[in-house]
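Asker: Sequence:
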Amino acid sequence: MSKGAAKPPFARVAIIGMGLIGSSLARVLKRKALAGAVTGCARSAATRDKAMELGLAESMHEDPAEAVRGADLVVICTPLGTYEDIARTIAPNLAAGAIVSDVGSVKQAVIRDLGPFIPEGVHLVPAHPVAGTEHSGPEAGFAELFEDRWCILTPPPGTDAGAVEAVAAMWRACGSTIEIMDPAHHDKVLAITSHLPHVISYTIVGTAADLEESVRAEVIKFSAGGFRDFTRIAGSDPIMWRDVFLNNREAVLEMLQRFSEDLTALQRAIRWGEGEVLEAWFRRTREIRSGVIEAHQAGTFDAREPEKAATPAPDPGTAGRPEE
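Just add 3 to wherever you are in the sequence shown, counting from 1, and you've got the numbering used here.
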């Protein structure tokens, strides 16, 4: 560090998992000098080698316990189902005063699985950057991923305010807007805004795959924008989404039940030719879509051009996937 350079907010950041989110965070930390050093962890030797080749970290480790040595911030960027084992492994090596955070899409489960293993004097500040694409791996990341996106923090009661602000400041530096939210409320909100759309996408694409071969071929050939969006979402990481659904099952099942009731009402209106009912329904949902655009959460990412940040999509455009 040069004599006149500002001291980075964190001396050492350990990123456990170098997929889309982890590698994107590493890129921002490097670009904006938010960490004196970045260490990473990945199970796959190929991922570790690629991360080093891309300059994402000063060192990469297979063992999470080694990756977190000396880190004042640890960010877990792996599927939710791995959290408890990771917490058990890293706990003995966490430095006094360190912050442990994450990027998971379900927050009550994070507190449940990490909380019991966080040593005294170490701070747990769960976070959820509401950003992503359907791509994965260290090569999929890009520094602009978090720009103009929400990052929701769900600190447990009694969490050190300074630790919460340190995590919030990091995500603000990444370009995100911060919201502090109760973990249970977060899980219910995300069940409808992210988790349910993924369930629906997986189902629609599965339905198309089960059609007779001649029809299936035409579906692929004549896919319009709406169906392509569903296939894009359905292309998301299967393990990650398996863990999301299982760890937020109550909220997801509640939203699925509500959706099923609405779907039944629409089926009835179509069956009986109730055009006024359909039009009223579509007008109402169009107004909701307009509200989403006004809230700046209907952006799209072109994963082939990672230098592009989220940009508003024209109505009636296609909503960018808000989830990792």
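These are computed hints drawn from the structure, not numbers from a lab.
We treat Cβ as the ideally placed atom computed from N, Cα and C, and that holds for glycine.
A portion of the hints provided could be inaccurate.
[Claimed, not checked] Label pairs and their in silico Cβ distance ranges:
(1) R115 / E221: 38 to 48 angstroms
(2) P160 / I223: 32 to 42 angstroms
(3) S226 / G165: 45 to 55 angstroms
(4) A187 / S263: 19 to 29 angstroms
(5) E56 / S263: 42 to 52 angstroms
[Stated by the list, open to error] Here are the simulated DMTMM-like cross-link-like pairs (lysine to aspartate or glutamate), alpha carbons at most 20 angstroms apart as the crow flies:
(6) K191 / E253
(7) K53 / E65
(8) K35 / E147
(9) K33 / E150
(10) K53 / D75
(11) K224 / D213
(12) K33 / D185
Asker: Tell me the hint numbers this structure goes against, listed in increasing order.
Answerer: 2, 10 and 12
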